[in-house]
Amino acid sequence: MEHNPFDAFIALVEFDAHITMLEHKRDTASKNQQKKQIAQQKASALLDELRAQLKRMQLDIKTQEADLAHLEKTIATKERAKNLLQSSKEIIALEREIKKLEEQRDASETRIIEMLETAEKAHLAFEQQQKSFDDQNISETKEIALLTDEIHALETEIIRYNQQRTIQLSSIEKSFLDEYEHMRKKIKNPVVPVEKDVCTACFYVLNESEKNALVHKRRLLCRGCYRLLYRTF
0 MEHNPFDAFI ALVEFDAHIT MLEHKRDTAS KNQQKKQIAQ QKASALLDEL
50 RAQLKRMQLD IKTQEADLAH LEKTIATKER AKNLLQSSKE IIALEREIKK
100 LEEQRDASET RIIEMLETAE KAHLAFEQQQ KSFDDQNISE TKEIALLTDE
150 IHALETEIIR YNQQRTIQLS SIEKSFLDEY EHMRKKIKNP VVPVEKDVCT
200 ACFYVLNESE KNALVHKRRL LCRGCYRLLY RTF
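Counting from 1, position 157 in the sequence shown corresponds to residue 156 in numbering that gives the first Met the number 0; the numbering is continuous, with no gaps.
Since the hints were derived computationally from the structure, they do not count as laboratory data.
Every value quoted in this text rests on a predicted model; they were computed, and no experiment measured them.
It is possible that part of the hints are untrue.
Listed below are the simulated EDC-like cross-link pairs for lysine to aspartate or glutamate, each with C-alpha atoms no more than 20 Å apart in a straight line [said to hold, decoys possible]:
1. Lys35 to Asp47
2. Lys54 to Glu139
3. Lys98 to Glu142
4. Lys72 to Glu119
5. Lys35 to Glu113
6. Lys130 to Glu119
7. Lys173 to Asp6
8. Lys81 to Glu101
9. Lys72 to Glu101
10. Lys35 to Glu142
11. Lys34 to Glu194
12. Lys30 to Asp6
Label-pair ranges, simulated between beta-carbon atoms [stated by the list, open to error]:
13. Leu145 to Arg183: 18 to 26 Å
14. Leu115 to Lys88: 35 to 43 Å
15. Leu123 to Glu89: 46 to 54 Å
For every residue, glycine included, the Cβ atom is placed at its ideal position computed from N, Cα and C.
Generate the whole structure from the sequences, applying the supplied hints.
Here it is as structure tokens:
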């Protein structure tokens, strides 16, 4: 059987289509990997913020407890001072002052109780978030590792195919190759097959004249999308 130089060209086109498919799979895996990594980072940042909030709550409670201790000490000091007074007027004035301090103390105690309850709820929420993060992190870390392996395998295969492509170029007629490379710079998938007399890119239906020309030449410029059409046998 006579060798058709167009066969080698079509083999290159189909070879390139396979490389494009591999690159698409690699890019998709890479995007999925990045999404999972970003999700991990956001979850970790949220956990750090919750942890920081707990620390701020604990510091606020300690500050409030210190203020309460100071109030109690002040009240005790004034109580002792009152016992040393003899003037009823001075005693009444000091008792009023002590009463205000006691009201402040009671309010401080109430605030501390509320703060402790809030901190306890926040701590429980943090523990739940931590557990959820740990479980999710283990799962996503495994998935990221699998995606890393997949990306590496695809990149290795792409390199191998590109090396084989370089070898294939030597068997392609220059006229075919020049036209092909020129079209590749302008359009995605510049060479596509015809199936059932229809362009597989834009679905343009070939007329009888075009069908005959395609059978004879095995290549034809599509009037619908201007891609190079070929028929497989």
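Here is how each hint holds up against the structure:
| no. | hint | verdict |
| --- | --- | --- |
| 1 | Lys35 to Asp47 | holds (18 Å) |
| 2 | Lys54 to Glu139 | violated (28 Å) |
| 3 | Lys98 to Glu142 | violated (65 Å) |
| 4 | Lys72 to Glu119 | violated (28 Å) |
| 5 | Lys35 to Glu113 | violated (39 Å) |
| 6 | Lys130 to Glu119 | holds (17 Å) |
| 7 | Lys173 to Asp6 | holds (14 Å) |
| 8 | Lys81 to Glu101 | holds (15 Å) |
| 9 | Lys72 to Glu101 | holds (11 Å) |
| 10 | Lys35 to Glu142 | holds (8 Å) |
| 11 | Lys34 to Glu194 | violated (38 Å) |
| 12 | Lys30 to Asp6 | violated (36 Å) |
| 13 | Leu145 to Arg183: 18 to 26 Å | violated (33 Å) |
| 14 | Leu115 to Lys88: 35 to 43 Å | holds (41 Å) |
| 15 | Leu123 to Glu89: 46 to 54 Å | holds (51 Å) |
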